[in-house]
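Trainee: Assemble the whole structure, with the sequences as input and the hints as a guide.
Quick note on numbering: the working numbering labels position 42 of the sequence shown as 100, and the sequence is numbered without any gaps.
To be clear, the hints were calculated from the coordinates, so they are not data collected in a lab. Where is the CB? At the ideal position from N, CA and C, for every residue including glycine. Any given hint could be a false lead.
Just the calculated beta-carbon pair ranges, DEER-fashion [said to hold, decoys possible]:
{"hint": "1", "residue 1": "70", "residue 2": "90", "range": "22 to 32 angstroms"}
{"hint": "2", "residue 1": "88", "residue 2": "68", "range": "26 to 36 angstroms"}
{"hint": "3", "residue 1": "94", "residue 2": "63", "range": "38 to 48 angstroms"}
{"hint": "4", "residue 1": "71", "residue 2": "91", "range": "29 to 39 angstroms"}
{"hint": "5", "residue 1": "94", "residue 2": "64", "range": "39 to 49 angstroms"}
{"hint": "6", "residue 1": "68", "residue 2": "91", "range": "29 to 39 angstroms"}
{"hint": "7", "residue 1": "93", "residue 2": "63", "range": "43 to 53 angstroms"}
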Amino acid sequence: MSGLLAAKTIAAFKHLFNYISVAYVRLFNIYSMFISHYRKSNIAHYSSNNSVSAKFAVFF
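Mentor: This is the structure in structure tokens:
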């Protein structure tokens with residue numbers, strides 16, 4: 059009986075961690091898209107004002 063309980067417990071944790079990892083990947087993708095858009099808009103803004111600032115905006 060204890061073997062069955064251990065198997066059920068492990069299965070429950072695997073299920074939980076699968077959902078956590080999927081949610082984390084989705085949040086990371088959303089964050090990456092936001093940062094990518096933010097950097098592109100900053101580069102466009104700074105490149106219209108000063109070409110030196112555009113070079114620094116790429117790195118930060």
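Trainee: Please list, smallest to largest, the hint numbers that this structure does not respect.
Mentor: Of the numbered hints given earlier, the structure breaks none, since each of them holds.
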